[in-house]
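Trainee: Dock chain one against chain two, each of which comes alone in its own frame, and use the hints as you go.
Top line first, the protein sequences correspond to chains A and U. Under the numbering used here, the first residue of the first sequence carries the number 1, and numbering increases by one thereafter. Under the numbering used here, the first residue of the second sequence carries the number 1001, and numbering increases by one thereafter.
Hints may be right or wrong, so weigh each one.
[Claimed, not checked] Between beta-carbon pairs, the in silico distance windows are: (1) U/Asn-1172 - A/Gly-130: 48 to 54 Å; (2) A/Gln-119 - U/Ala-1114: 50 to 56 Å; (3) A/Gly-130 - U/Ile-1071: 49 to 55 Å; (4) U/Asp-1241 - A/Gln-119: 47 to 53 Å; (5) A/Leu-54 - U/Gly-1057: 21 to 27 Å; (6) A/Asp-68 - U/Gly-1057: 25 to 31 Å.
Hints were generated in silico from the structure; no laboratory data involved. In this text the structure is predicted, and so the values were computed from the model without any measurement. All C-beta atoms, glycine included, are put in the ideal place defined by N, C-alpha and C.
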Amino acid sequence: MGQEIIRVENITFGYGKAKVLDNVSTGIVDGDFIGIVGPNGSGKSTLLKIFLGLIKPQNGTVRVFDIDIEKFNQWGKIGYIPQKATSFNQGFPATVEEVVSANLYPIIGLAGHIKKAHQEMVDESLQTVGMLEYKKNIIGRLSGGQQQRVFIAKALVSNPRVIFMDEPTVGIDQNSEESFYELMEFLNREKGITLVMVTHDIGAIDSRVNRVLCLFDGKLYENDCEINKASEVFKEAYEKHNSVQIIHRHS
Amino acid sequence: MFELLNYEFMQRAFAAGLLIAVICPLIGTFVVMRRLSMIGDTLSHASLAGIAAGMLGGLYPLWGALIFSLIAAIVIEKLRKRFSHYAELSISIVLSASIGLAVVLISLANSFNADLMSYLFGSIIAVSALDIYIILSLSIVILISVYMFYKEFFYMAFDEEGAELAGMPVSNLNMYFTVLTAMTIVVSMRVVGMMMVSSLMIVPVACSLLISKSFKNTVFLSVIFALVSVVIGLFSSYWFDLAPGGSIVLTSVFILIVILIAKKVLKMQ
Chain A
1 MGQEIIRVEN
11 ITFGYGKAKV
21 LDNVSTGIVD
31 GDFIGIVGPN
41 GSGKSTLLKI
51 FLGLIKPQNG
61 TVRVFDIDIE
71 KFNQWGKIGY
81 IPQKATSFNQ
91 GFPATVEEVV
101 SANLYPIIGL
111 AGHIKKAHQE
121 MVDESLQTVG
131 MLEYKKNIIG
141 RLSGGQQQRV
151 FIAKALVSNP
161 RVIFMDEPTV
171 GIDQNSEESF
181 YELMEFLNRE
191 KGITLVMVTH
201 DIGAIDSRVN
211 RVLCLFDGKL
221 YENDCEINKA
231 SEVFKEAYEK
241 HNSVQIIHRH
251 S
Chain U
1001 MFELLNYEFM
1011 QRAFAAGLLI
1021 AVICPLIGTF
1031 VVMRRLSMIG
1041 DTLSHASLAG
1051 IAAGMLGGLY
1061 PLWGALIFSL
1071 IAAIVIEKLR
1081 KRFSHYAELS
1091 ISIVLSASIG
1101 LAVVLISLAN
1111 SFNADLMSYL
1121 FGSIIAVSAL
1131 DIYIILSLSI
1141 VILISVYMFY
1151 KEFFYMAFDE
1161 EGAELAGMPV
1171 SNLNMYFTVL
1181 TAMTIVVSMR
1191 VVGMMMVSSL
1201 MIVPVACSLL
1211 ISKSFKNTVF
1221 LSVIFALVSV
1231 VIGLFSSYWF
1241 DLAPGGSIVL
1251 TSVFILIVIL
1261 IAKKVLKMQ
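So here's chain U without its partners, still in its complex pose (with noise of 0.2 Å):
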């Protein structure tokens, strides 16, 4: 059964899978905390943005992805002060603007082609050593982060007022946060699939809200369900011939209703 993990690209398939399962619910839980379950979605079409960019400048791809989706951050979060009363209206604006700038670039590109296909979707076979370099190190980044600054993001995800008024550096952390957020979806794209990763940062937090007992155990276990998920996802989709992303999702979405109904039986009792 594990004969798979054998072959090099499945042992990188699996490195980076279960590194951003361990990543995408860790950011994902602050994400959604603070209601801007969106912001996913606007990063990820900025990366993109930033692949089709890299593809027609001649830049590695995930570089391309990592500028763009990172200047998208920073313009959300200079948005969301002059906006401050609709903190949705600046990741929507930057979300139209990331699809027009990527639809453009793709068709000057033009790079409708399968290596394009594998950044949308995901790959298991896509994912090269230098991917890898590049995804652990972001990711080592964002783990030290979250270690280090947890208790900043829980307040400014309870409180964001009282954080500030406890002197907290709100605005730099917030900017900080986003380009977190950022990382994790670049992380994530190269196997997960750029229209999937923030799925991976949603699904498997909504999963442990139905059960958590804690902030700290919604963390633990929104982790736990997305190495769940990455898990199966990858399995199946080598042995399915699956998109990676579409499986490691469904996977997480199966879990979710799994919990709905043992929740709705449990209470019948």
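Looking at chain A on its own, in the form it has when it is part of the complex (with noise of 0.2 Å):
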């Protein structure tokens, strides 16, 4: 077993009397391929965030490869793909290139500037994600699908260990939804980089991850019995959302 990256332990959350997330527990490995899944307004971005320090939970606590996240300062080392990244301002100026390097910071540390060593990451990251030779468009005239690209590349440019991804496919076609997957599944097989992914759509990585965590009713569901289990009260949720029908996992 790979060094854990992350650990929750009795983790608890909510807005006002109503609890996400309910005394959840669970480890993030080293070269896992995690699928977060679970029905809208399971807690499923709540736990992403936690995970990121982007909220904290009201109980519990969270250790980032074994440092109390409190006093982590090793964000280069974390990769995040937010839910509506590709919902930037499209009008914004940046060029591909100038979007990328953005992510230098944890590498260059503040008031730090950009120089040729710099460059050639960029370069690299763009290379990784098939994106290279638009590295001088403008962002916000590319399709969903390679503006997606552009912020894997992004993510990739600090070398994180892990990836966070919050329902990534979504607003991409059918063919980028494809090649997407092939994409995490380089990164994770060959780069050896952990990913965590948020998704509704269980059909599509059912077959990629090594791991499926499974919200509902603010608990979480692990192993392929408690989800056998949940995906009962879980596949009923998702009928009364008149949303996707549930394939849950066969191992």
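Mentor: And the structure:
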């Protein structure tokens, strides 16, 4: 078993009286490719934001690379592609290169300047996602799928050990989605980057991930037996939401 | 044609004008991209209150403007955290308070006079040697700050949450940026006038957004457009005896219209 990247113990989080996460514990291990699934409002994004330290749980502990999250400062090791990554101001006049370079911050530090070696890192991450030839293009003029790749390159440029993604395939077409998953598998298997992905699309991730975390009613279910149990309620909940039909994991 | 530059007051006006032509769009590009275009107007109204307070209390008006606009900048940032879902609201609140305070202080100081008018609309003859020292030193601070924190300000303008996650001290940098904006207003108000400072921060940026090829290019082109506007504006102000702020801002609006028409014509071909 590899190093534990994130460990949360007994975390609880709620808005007012409603508990979104109720006494949740889990860990993410180096090399994992994890899918976090669950119906709308089940706390998937909340859990992700707790992993990232963007929100604090009301109870429980969060450790990142075995350091208490409050004291953790090596944020370059962690990449994040938010749900609304591609819903930025499409008129923003930045090139692909400028957007990716922005995330060199964890490497360069406050008030530092981009040097040639840093530019090579930008080129390399654009090469990885197949977007190098677009580096001088204005980001807002690319397609949704291409923008998605640029945001992955932006996350990659700081050499992260783990990348968190929130609904990364929302708003991109079928073909882009397919090549997106291929890229994810490449990053996970060849580059050894741990991936954690919040998604609705259980069918698409099922065969690709090595772990599925299933959130329902504030609780986290992980092993197959638990998920089977949870998926009955889960299915019902999905149908209530008139959402996609659940295809649960077969091991 | 250039004999007017033999006059000392014109030399001072040009020195101040060229400095603000660099600084206003430099700060303005980040302001526009963060969709906070109203912040310039708010801080300049706070400066007006500061000028009136200076006149009332016997303090040099530009110092009053600096103190008041810095206080307003800090209040805006503090309120922005309170109303985090309504970034514009904190700006509007401080704008209302500043206008109210400015009107009350002006009436208290009984200072509706030519001096106040020069702060409102800008003046090329009113730029004193002390003004030049204040403008120059604040400009140097602003230029060095933008040079040092360019990549931070860019990241925050593009994606504030991402910047925070990368470990950037976003709230401190936000505060610092708003303070720099307040300083820019004070630097500019002597020549352009309080009423038109924010236009010089916004209109050249709008011009360059229409044709720029990158963020860096946007900053560069807006500085060029502002420089052209200031030079033409100051010359016409001297020749036709116009308020410099008005002629500078109208020149920049004229450039904007020319670019819009040129783009349309090129598209039709």
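Trainee: Between the beta carbons of U/Asp-1241 and A/Gln-119, is the distance compatible with 47 to 53 Å?
Mentor: holds, 52 Å
Trainee: Can the suggested window of 48 to 54 Å be confirmed for the beta-carbon pair U/Asn-1172 and A/Gly-130?
Mentor: Violated, since U/Asn-1172 and A/Gly-130 (Cβ atoms, about 37 Å apart) do not stay within the stated range.
Trainee: Between A/Gln-119 and U/Ala-1114, does the C-beta distance stay in 50 to 56 Å?
Mentor: Roughly 55 Å apart at Cβ, these two residues keep to the hinted range, so it holds.
Trainee: Within 25 to 31 Å: is that where the Cβ-Cβ distance between A/Asp-68 and U/Gly-1057 falls?
Mentor: violated, 51 Å
Trainee: Can you tell me whether the CB distance of A/Leu-54 to U/Gly-1057 sits inside 21 to 27 Å?
Mentor: violated, 46 Å
Trainee: Evaluate the given range 49 to 55 Å for the C-beta pair formed by A/Gly-130 and U/Ile-1071.
Mentor: holds, 51 Å
Hint check: violations occur at hints 1, 5, 6; the rest are consistent with the structure.
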